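*Asks:* Sequence:
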Amino acid sequence: MEGTMTESAERTTPHTRTAGDVLDMLDPELLSNPFGVYRRLREQTPLARALPRGIDTPVWLATRYADVRTVMSDARFSNDPDDVPDGLADDLHRQITSTRGLSGEEAQYVARSILDLEGADHTRLRKLVSRAFTARRVNELRPRMQEITDRLLDELPSKAADGAVDLIDHFAYPLPITVICELVGIPDEDRQQWHRWSDALISIDRTAFGPALLEGAAYIRDLIGHRRARPTQDLLSALLRVEEEDGDRLTEEELVRLVFTLVIAGHVTTAHLIGNGVLALLTHQDQLARLRADPDLTPRAVHELMRWCGPVLGAVRVRYATDDVEIADTLIHRGEGVLALFASANRDPREFPDPDRLDITREPPRRETHLGFGHGAHYCLGAALARQEAETAFDSLFRRYPKLSLAVPPESLHHRPSPNFRGLPQLPVRLE
Numbered sequence: 038m039e040g041t042m043t044e045s046a047e048r049t050t051p052h053t054r055t056a057g058d059v060l061d062m063l064d065p066e067l068l069s070n071p072f073g074v075y076r077r078l079r080e081q082t083p084l085a086r087a088l089p090r091g092i093d094t095p096v097w098l099a100t101r102y103a104d105v106r107t108v109m110s111d112a113r114f115s116n117d118p119d120d121v122p123d124g125l126a127d128d129l130h131r132q133i134t135s136t137r138g139l140s141g142e143e144a145q146y147v148a149r150s151i152l153d154l155e156g157a158d159h160t161r162l163r164k165l166v167s168r169a170f171t172a173r174r175v176n177e178l179r180p181r182m183q184e185i186t187d188r189l190l191d192e193l194p195s196k197a198a199d200g201a202v203d204l205i206d207h208f209a210y211p212l213p214i215t216v217i218c219e220l221v222g223i224p225d226e227d228r229q230q231w232h233r234w235s236d237a238l239i240s241i242d243r244t245a246f247g248p249a250l251l252e253g254a255a256y257i258r259d260l261i262g263h264r265r266a267r268p269t270q271d272l273l274s275a276l277l278r279v280e281e282e283d284g285d286r287l288t289e290e291e292l293v294r295l296v297f298t299l300v301i302a303g304h305v306t307t308a309h310l311i312g313n314g315v316l317a318l319l320t321h322q323d324q325l326a327r328l329r330a331d332p333d334l335t336p337r338a339v340h341e342l343m344r345w346c347g348p349v350l351g352a353v354r355v356r357y358a359t360d361d362v363e364i365a366d367t368l369i370h371r372g373e374g375v376l377a378l379f380a381s382a383n384r385d386p387r388e389f390p391d392p393d394r395l396d397i398t399r400e401p402p403r404r405e406t407h408l409g410f411g412h413g414a415h416y417c418l419g420a421a422l423a424r425q426e427a428e429t430a431f432d433s434l435f436r437r438y439p440k441l442s443l444a445v446p447p448e449s450l451h452h453r454p455s456p457n458f459r460g461l462p463q464l465p466v467r468l469e
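Quick note: to get our numbering, add 37 to the position in the sequence shown (first position is 1).
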């Protein structure tokens with residue numbers, strides 16, 4: 038099967054690495070310099086052992102491009118521990134769930150979501166919402182997306198303090214949250230609290246995770262009640278119609294989890310793709326000049342920025358081996374967990390020549406070889422929407438403010454400390 042074994046000059050006997058090789062996922066070097074750590078792992082320990090926060094059973098880390106594709110697409114791996122015979126993955130799954138400090142009530146909103154399910158259950162939920170994210174539907178949103186972008190850019194000068202404006206708070210975040218909330222049906226006045234909830238859910242602060250889940254879930258249940266009474270043309274109303282017409286296809290619990298996932302995933306990743314991408318371009322003036330000279334390069338630039346500095350470092354869920362599998366000359370035993378590191382795969386020189394170099398002409402505009410949006414059945418449902426939002430953001434921002442520059446030295450900017458997510462809390466810029 039494709040990618041089951043990485044290429045090597047000499048095949049070695051499969052083995053299980055010792056506990057001494059285990060990497061702490063909260064190691065300060067990994068949090069501050071993930072790409073440097075990934076580079077070392079890819080060449081020295083392509084299938085590494087690691088301890089995610091708060092658990093005592095190591096998981097495997099897939100770091101090379103071919104291996105990441107295999108882990109995400111091979112049927113011998115599953116996001117659902119129930120797919121592993123004899124419950125061999127249950128203990129690891131319980132440990133991972135407990136690291137978030139969730140009670141039973143809180144845990145129900147992250148268990149059995151579209152991110153966890155496999156097979157027919159996953160396909161059923163995905164089909165319910167996929168029509169809202171087709172290329173045709175996303176293209177129909179372009180005029181409204183451009184309207185929101187232009188308004189935000191018009192307002193930027195009024196947001197400046199001492200000549201600088203925070204591009205995260207006033208542009209990169211409000212663009213995708215406005216788009217996804219309008220699509221789903223969340224009123225404008227309620228969107229700021231989603232910012233707070235999303236910050237809590239991507240934070241390494243476990244005390245913030247549970248309360249954000251409960252507050253968000255309670256909000257969605259209340260919104261469902263309003264939409265039952267007064268349906269509109271939004272996605273939530275469409276999902277409710279499906280529930281009413283065929284109640285066994287979509288329960289209220291599934292609906293709450295689905296809306297939660299769509300709104301959070303539908304804006305956080307795109308917001309930080311925009312933030313990371315603007316920083317990358319402002320610190321690579323040759324690439325920015327090329328983009329300004331030829332705006333038709335924007336789709337290719339978005340692909341390259343997603344590869345080079347995309348916000349999602351690795352898969353959201355551990356994949357459990359449902360059988361013994363050999364990858365990278367290493368035997369993964371049934372029941373063991375594997376995390377696919379997308380950001381490492383995207384810097385693999387076996388797939389991308391000179392991978393640490395930013396090159397906005399690297400990929401054709403409508404072809405995607407990077408793994409920034411994942412791979413396989415769990416490929417990002419909103420990838421087309423995210424790409425179009427980013428294209429609109431970059432093209433419009435640099436057209437409107439051709440003298441845009443950083444307001445602080447780039448070395449003073451630090452990403453959020455997280456082993457799974459890479460985003461800037463602030464991005465101060467000068468418009469002129």
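Derived by calculation from the structure, the hints in this document are not laboratory data. In this text, all values refer to a predicted model and were calculated from it rather than measured experimentally. Beta carbons are placed, not taken as given, at the ideal position from N, Cα and C, and that holds for glycine. Do not rely on the hints blindly, as some may be mistaken.
Label pairs and their calculated CB-CB ranges [as the list claims (entries may be wrong)]:
(1) Asp191 with Gly124: 53 to 59 Å
(2) Arg278 with Glu448: 29 to 35 Å
(3) Arg278 with Arg90: 39 to 45 Å
*Asks:* Within 53 to 59 Å: is that where the Cβ-Cβ distance between aspartate 191 and glycine 124 falls?
*Replies:* holds (57 Å)
*Asks:* Per the hint of 39 to 45 Å, is the separation of the Cβ atoms of arginine 278 and arginine 90 within bounds?
*Replies:* Given about 41 Å between the Cβ atoms, the range holds.
*Asks:* Within 29 to 35 Å or not, the Cβ separation of arginine 278 and glutamate 448?
*Replies:* For arginine 278 and glutamate 448 the Cβ distance comes to about 52 Å; the hint is violated.
Of the numbered hints listed earlier, the single one contradicted by the structure is hint 2.
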